[in-house]
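Peer 1: Chain by chain, the residues:
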Amino acid sequence: MLENFSFRTIVEYLPLFGQGLVTTVWLSVLSFAGALAVGIVLAAMNLQRGRLFRVPAKAYIDAVRATPLLAQLYFLYFGLPRLGFVLPELIVGILALSLNSGAYVAEIIRAGILSIPRGQVEAGVASGMTYVQRMRLVILPQAFKVTIPPLLGQAIVLVKDSALLSLISVAELTRAGQLLASDRFMPAEGFITIAAFYLLLYYGLKGLAALSGRWLGLAGART
Amino acid sequence: MTSLSSKNGAGMIEFRGVNKWFGQLNVLRDITLSVEPREVVVVCGPSGSGKSTLIRCINGLETIRDGDLTVDGQRLGDPATNMTRLRTEIGFVFQSFNLYPHKTALENVTLAPIHVRKIPRTEAEKAGRELLAKVGLADKVDAYPAQLSGGQQQRVAIARCLGMRPKIMLFDEPTSALDPEMISEVLDVMVAVAEEGMTMMVVTHEMGFARKVAQRVVFMDAGAIVESGTPDEFFSNPKTDRSRAFLSKILRH
Numbered sequence: 001m002l003e004n005f006s007f008r009t010i011v012e013y014l015p016l017f018g019q020g021l022v023t024t025v026w027l028s029v030l031s032f033a034g035a036l037a038v039g040i041v042l043a044a045m046n047l048q049r050g051r052l053f054r055v056p057a058k059a060y061i062d063a064v065r066a067t068p069l070l071a072q073l074y075f076l077y078f079g080l081p082r083l084g085f086v087l088p089e090l091i092v093g094i095l096a097l098s099l100n101s102g103a104y105v106a107e108i109i110r111a112g113i114l115s116i117p118r119g120q121v122e123a124g125v126a127s128g129m130t131y132v133q134r135m136r137l138v139i140l141p142q143a144f145k146v147t148i149p150p151l152l153g154q155a156i157v158l159v160k161d162s163a164l165l166s167l168i169s170v171a172e173l174t175r176a177g178q179l180l181a182s183d184r185f186m187p188a189e190g191f192i193t194i195a196a197f198y199l200l201l202y203y204g205l206k207g208l209a210a211l212s213g214r215w216l217g218l219a220g221a222r223t
Numbered sequence: 224m225t226s227l228s229s230k231n232g233a234g235m236i237e238f239r240g241v242n243k244w245f246g247q248l249n250v251l252r253d254i255t256l257s258v259e260p261r262e263v264v265v266v267c268g269p270s271g272s273g274k275s276t277l278i279r280c281i282n283g284l285e286t287i288r289d290g291d292l293t294v295d296g297q298r299l300g301d302p303a304t305n306m307t308r309l310r311t312e313i314g315f316v317f318q319s320f321n322l323y324p325h326k327t328a329l330e331n332v333t334l335a336p337i338h339v340r341k342i343p344r345t346e347a348e349k350a351g352r353e354l355l356a357k358v359g360l361a362d363k364v365d366a367y368p369a370q371l372s373g374g375q376q377q378r379v380a381i382a383r384c385l386g387m388r389p390k391i392m393l394f395d396e397p398t399s400a401l402d403p404e405m406i407s408e409v410l411d412v413m414v415a416v417a418e419e420g421m422t423m424m425v426v427t428h429e430m431g432f433a434r435k436v437a438q439r440v441v442f443m444d445a446g447a448i449v450e451s452g453t454p455d456e457f458f459s460n461p462k463t464d465r466s467r468a469f470l471s472k473i474l475r476h
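Order-wise, the sequence lines are chains A and B.
Numbering of the first sequence is given in the numbering used here, commencing with residue 1 and proceeding in unit increments.
Numbering of the second sequence is given in the numbering used here, commencing with residue 224 and proceeding in unit increments.
The hints are simulated quantities; they were obtained by calculation from the structure and are not laboratory data.
Just so it is clear, CB atoms sit at the ideal spot from N, CA and C, and this is done for glycine as well.
It is possible that some hints are incorrect.
[As the list claims (entries may be wrong)] To give an idea of the chain A side of the interface with chain B (calculated C-beta under 10 Å), a few residues: (1) ILE113; (2) PRO117; (3) VAL138; (4) GLN142; (5) ALA163.
All chains, full assembly: derive it from the sequences and hints.
Peer 2: Shown next as structure tokens:
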């Protein structure tokens, strides 16, 4: 069975995979930065008492979580141009991942903030801090620590989701596998190789999560 | 602790006909109470009688429904009263300490002085070290709350309040969450604060503390002040059935 498996072709295509890997990494980094920005804004809106901000934030989060990422991507890629917004596919891809992941990030941040005990807010209030001071000095530094592990989990999901961008012909990692599959009719070689690269990225992020966990464990453990 | 402004003979804390409801429950019933500058008042009563709610109203952690509550000459709920500003004059010690877990003991003490009072960092740290030494924790300035015992955490919490140089200190069952052997170290600090002339309201069942420093004991039941008198009067000659029943329960052992 393995006599048909061509390691030589994989080696021959390695530069292509390398380029795909690099593209996947930087577009994931940009998308995750975008997701953090979207998530922070949505979480802040969702934590307000007034409905004016809370309701739109909740509606957005529900809409994103209820629909497939592929449908969102196709809407942005095929739908937006029909409405008059023509964007390069790479931008569309990063936008789709940011907007999608941002909804999940928002919930992670909100949960992190809500996990801080009420007594912490009261201690801040009692010492005369304003809302902004309480957030900045008391709540967010603590919430930040709680949210790092789930945020890295979300980053792993985002890296895997970025494979969908191959469908709008962004030359990322999965696209490289597709090219090998279609040019040489070698789907086994193509897709096992990209799987190996995704595994590599996964372990990289997991290592980062472990490192951050150890770093966060140093200070400020709660009784 | 210099300006003990007492306008027109009014107290530092003045409740006049204060009522509060949680839903259908009348948690504070027609409370009228005046606390003079430098006075130490102990509030006791059975669980759910409204003691904590009473002192939480003073710094606006709870709001009142009707009646008048004036603190340091400023009427709560009045648009002219800057609540955030007023709170800097009122220290509040919680039953569960509520220290900032991500800050060291010293940072806990200096955080509000630096950011709220706008005291320069070096000055705030110097004062913070002195306060921690005063509560017997000179060697714990760099410890995180998780590294401290309950009694030590509560002493840091008291130092944290004193760092703001408040005019009033409120204590909400400060020793209820502590192991018995740690209670006296916290009470000793509170006695020292009282003896320096701080205006204090203390919700506690530590009757030894009440006898030692309180000028007045207020007994509450079902949201109302049932009885009020000097510690001697209250302990040796309680006037109501409710207070007698309460005292027989807490003083039995």
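Peer 1: Taking the earlier hints as the rules, which of them does this structure contradict?
Peer 2: Hints 1, 5 contradicted; others consistent.
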